[in-house]
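**Student:** For this one, chain A is given, so just place chain B on it according to the hints.
There are 2 protein chains.
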Amino acid sequence: MLYGYIGTMKTAPGRRDDVVAILLADVDSLRDAGCESYIVSVSDETPDTIHVMEVWQSEEHHAASLQLPATKAAIAQAMPMLTGDFTSQGLDVVGGLGVSAG
Amino acid sequence: MLYGYIGTMKTAPGRRDDVVAILLADVDSLRDAGCESYIVSVSDETPDTIHVMEVWQSEEHHAASLQLPATKAAIAQAMPMLTGDFTSQGLDVVGGLGVSAG
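The listed protein sequences derive, respectively, from chains A and B.
Note that my numbering has the first sequence beginning at 1, numbered continuously upward.
Note that my numbering has the second sequence beginning at 1, numbered continuously upward.
Bear in mind the hints are in silico, worked out from the structure with no lab data behind them.
Given the structure is predicted, the values throughout are model-derived calculations rather than measurements.
Note that beta-carbon positions come from the ideal geometry of N, C-alpha and C, so glycine has one too.
Any given hint might turn out to be false.
Which stretches of chain B does chain A cover? Using the computed rule of at least three CB atoms under 8 Å from a CB of chain A, they are [to be verified]: (1) 27-39; (2) 49-60; (3) 67-79.
For each label pair, taking beta carbons as the anchor points, the in silico distance ranges come out as [said to hold, decoys possible]: (4) A/Ala70 - B/Leu68: 35 to 43 Å; (5) B/Lys72 - A/Asp32: 38 to 46 Å; (6) A/Gly84 - B/Ala70: 43 to 51 Å; (7) A/Asp28 - B/Glu59: 22 to 30 Å.
Not close to chain A: a few residues of chain B, all C-beta gaps over 10 Å, as computed [what the hints assert, rightly or not]: (8) Lys10; (9) Ala12; (10) Pro13; (11) Gly14; (12) Arg15; (13) Ala63; (14) Ala64; (15) Leu82.
So that you can see chain A by itself, here it is in the shape it has in the complex (with noise of 0.2 Å):
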């Protein structure tokens, strides 16, 4: 069952495009991590917040891919511009488009 993750992070004001940055900094990587899609989106209706959406191969795939030495620098990296405002859903994907299978 591919795995689908919804999450919001809230920056410090003005920092929201570098920690932007950070997260697509390394993306193509993810994919021989388990991961089909990863999707950053911004919205002038929240500031200083990024969203982002995300489909696995797995849940597994999802959590192992915390553990990368790469994941790890990447959040070591972002965290201190973050103010731990954070939201997220774990989801069961069923099927779509620009996935490999529902």
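**Tutor:** Showing chain B alone in chain A's frame:
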């Protein structure tokens, strides 16, 4: 600028999978309408609820897709099974894996 959209729709009890089937019935045709990603998910944490994550070539492509006969027919077919409880948010996609550009 790629346009992102996240939303939820609540269904009448037990009708969730019927509505999922409608949403996924013709998903490949969305590509021709400018859709890069269209992911349908569910969660045990949110019963009778369908989560949709979308990426479109532009906000205008998304808006135009809602006027397509196939889309209108799908909405008409699903509507009697929906409670009217929707959430949605439009987003500016700044990059990621699995979409064409930031």
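**Student:** Mind listing which of the numbered hints don't hold for this structure, in increasing order?
**Tutor:** 3
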